[in-house]
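Between the sequences and the hints, there should be enough to build the whole structure, so can you do that?
There are 2 protein chains.
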Amino acid sequence: MSQATLSSLVNHQIRLAARPVGLPTDANWSHTSEAVAEPAEGGVVLQTLALSLDPAMRGWMNEGKSYIPPVAIGEVMRAGGVGRVIASKNDKYAVGDYVSASFGVQEYLSLEAADMRRNGLTKIDLRVGTLTQWLNVLGMPGMTGYFGLMDVGQPQAGETLVVSGAAGAVGQTVGQMAKIRGCRVVGIAGGQAKCDWVVKELGFDACIDYKAGPSAVREGLKAHCPQGVDIYFDNVGGDILDAVLARINRKARIVICGAISQYNATTAIAGPKNYLSLLVNRARMEGIVVFDYADRYHLAVAEMAGYLKDGRMKSKEDVVHGLENFPNALLKLFNGENFGKLVLEVANA
Amino acid sequence: MSQATLSSLVNHQIRLAARPVGLPTDANWSHTSEAVAEPAEGGVVLQTLALSLDPAMRGWMNEGKSYIPPVAIGEVMRAGGVGRVIASKNDKYAVGDYVSASFGVQEYLSLEAADMRRNGLTKIDLRVGTLTQWLNVLGMPGMTGYFGLMDVGQPQAGETLVVSGAAGAVGQTVGQMAKIRGCRVVGIAGGQAKCDWVVKELGFDACIDYKAGPSAVREGLKAHCPQGVDIYFDNVGGDILDAVLARINRKARIVICGAISQYNATTAIAGPKNYLSLLVNRARMEGIVVFDYADRYHLAVAEMAGYLKDGRMKSKEDVVHGLENFPNALLKLFNGENFGKLVLEVANA
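If you're matching them up, the sequences are chains W and B in order.
All residue numbers for the first sequence refer to the working numbering, where the first residue is 20 and numbers rise by one.
All residue numbers for the second sequence refer to the working numbering, where the first residue is 20 and numbers rise by one.
Fair warning: there could be bad hints in the mix.
Same chains, same names: a pair is fine if it fits in one copy or spans any two.
Stated by the list, open to error - Below 25 Å or equal to it, Euclidean Cα-Cα: the simulated SDA-like pairs (lysine to any residue) are:
1. 292 <-> 41
2. 270 <-> 85
3. 351 <-> 49
4. 292 <-> 85
5. 270 <-> 292
6. 333 <-> 310
7. 292 <-> 233
8. 84 <-> 299
9. 84 <-> 266
10. 270 <-> 293
11. 351 <-> 81
12. 333 <-> 201
13. 230 <-> 242
14. 84 <-> 233
15. 292 <-> 281
If you are wondering where the hints come from, they were derived from the structure by calculation, not from laboratory data.
Here it is as structure tokens:
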């Protein structure tokens, strides 16, 4: 794209205007636009094609120490994404190349050479997976599920694994990988449609609809985990974590990946009151942050791309269209409306 | 001891009369007495010299599944102890031998050969440690501290370890072993006297008096753990666990050994509301039950007996006298009145 054409583009952006209390509202966002500058020497300009919407975003909006710094007030909201190189002054990237990076919630991203590593700029191959699969099983959620399961969960054939958020991006990867490793896999998801999908399409052994009633999880675990629970991959926290803690086996591993039930809490979050089950059962609860495994992403991508090709793994994305719909789309995660990995399509590929 | 003399003995016992709600009261105990029978073929009769009073006893009084079955209503209260063989029809045990075993809260124990293993009958050597040390650093609490620290805590020289219940039986072992392994050691205990003792006598680097004020633990951790916390050995649960969770380092290990602050709770226990610090810090919380390490007790005893001899380890026991004082003595654990490992002396050695 020529400099003349670049300068005619407008980069629409969504910025964090204020830190939310509870669920984010329109008041937490500001909409801005900027011109798109030509790339610096060694730099590239990228067009956003699709953004990954993830529960972790809610945490990035809070002040205070976490595994990465919070998004600053006035800053473009942080978001991983996939896109296309539209201008380049860097030999490694040609116009037309597809890439993944931390794009932010905006239509274009100009990256200097010095910022490429920090932004996770990586070429992606659309023969290996679709654009949206590169945000799902081949992207951050897939990497989170893969390494959380393999390195922390340490699945053994014949063990029983339970995963919450089973139809979500991380959950679908965890459950399918655990099946491939020979585990009995029981999902927990909201609604019969999601439960049917993970059982019938993904091959989980069972799935518990946590919305089916106040004792649905407790009864479901009893019915579907007759040998107890060896691995619990937790994306939700709260009452479901407590219900699983009550059924873990000796030497069980609980992978703490997230706690979506607690992210919008306006009071102190609920700690797992059954945590002494860890003592009784000599069990372990351990946190996972995907970035720690960056030097092994390529191995997980290679393995899971193979399963996508041979049909042993499937993926499902829930695609919302239009940058301006970001604020409402994000809320789908917190009311459980999304069915599959939530993706915001920003431009046509 | 001759059969005639044996039959003249009266075995006073304390039995569980009812399951407590909250702190145990006199209504939870019944006092009984029985004759002492001569030993069966292959059996022994033991005289109780001292019993170990431990926080775990409160858990054994509750109904429901745990790491060992509850004490049944009407049963002699379970208690580990040390004593002496007073009659024997077993070649391995001679009258006068000192032993440790699960004595129960009673003056005599008659054991058949078939029950010796289940009762943990083991000869002890008073040249290696005193009777009360065999209930402390060389007994269950010492084994709990040693293996919880070594196998779950995995201390590395230069790391910072925090241990609650620092002046208690498990805490004193954990802190001293961590010092020997080259850690910075910060205790948490109730009252200045206990804090002074673990610092001045046991060589801890610092000790926080949790009774010194509502922010004492938070401020103390900040002051005494400038590099954060790598290992937390938790004997207490509750607010202190939460305060430490807020200061753990990456890849920290939290050893869940007990939760004495919660054992008498009459409502749901308080779960650690800061548990998501495990996620942010890729940290681990893991339970430990000492019985899993039974086949390695002799190694820990040998190592720590060496440290007792060469002065690198010290021990302190808080001795209450008289079987009939068991109910009140037990309560000292829950109001923090005991100073050192709580022991009930039942007869003179």
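_One pair to classify: residue 351 and residue 49, alpha carbons no more than 25 Å apart. Within, between, both, or neither?_
within (19 Å within a copy, 60 Å between copies)
*residue 351 and residue 81: within-copy, between-copy, both or neither at 25 Å Cα*: The answer is within: 19 Å in one copy meets 25 Å, while 44 Å across copies does not.
_Up to 25 Å CA-CA - residue 233 versus residue 84, copy category_ = Between copies only: 23 Å across chains, 35 Å inside a chain, cut-off 25 Å.
*When no copy is specified for residue 270 and residue 292, does a C-alpha distance of 25 Å or less occur within a copy, between copies, both, or neither?*
Both: 19 Å inside a copy, 23 Å across copies.
_Status of residue 85 relative to residue 270 across identical chains (alpha carbons, at most 25 Å)_ = So residue 270 and residue 85 pass the 25 Å test across copies only (14 Å; inside, 28 Å).
*Within, between, both or neither, where residue 230 and residue 242 count as close if Cα-Cα is 25 Å or less*: Result: close within a single copy only, 17 Å intra versus 46 Å inter.
*For residue 84 vs residue 266, is the C-alpha pair at or below 25 Å within one copy, between two copies, both, or neither?*
between (33 Å within a copy, 11 Å between copies)
*Could you figure out if residue 292 and residue 41 sit no more than 25 Å apart (CA to CA) within one copy, between two copies, both or neither?*
Answer is both: 23 Å inside a copy and 17 Å across each meet the 25 Å cutoff.
*Is it within, between, both or neither when you check residue 270 against residue 293 at 25 Å Cα-Cα?*
both (16 Å within a copy, 23 Å between copies)
*Give the relationship of residue 333 and residue 201 under a CA distance limit of 25 Å: within one copy only, between copies only, both, or neither.*
within (17 Å within a copy, 50 Å between copies)
*Alpha-carbon proximity context of residue 333 and residue 310, limit 25 Å*: within (24 Å within a copy, 45 Å between copies)
*asked:* I want to check one pair: residue 84 and residue 299. Are their C-alpha atoms no more than 25 Å apart within a copy, between two copies, both, or neither?
replied: between (32 Å within a copy, 9 Å between copies)
Checked against the numbered hints above, the structure breaks none of them.
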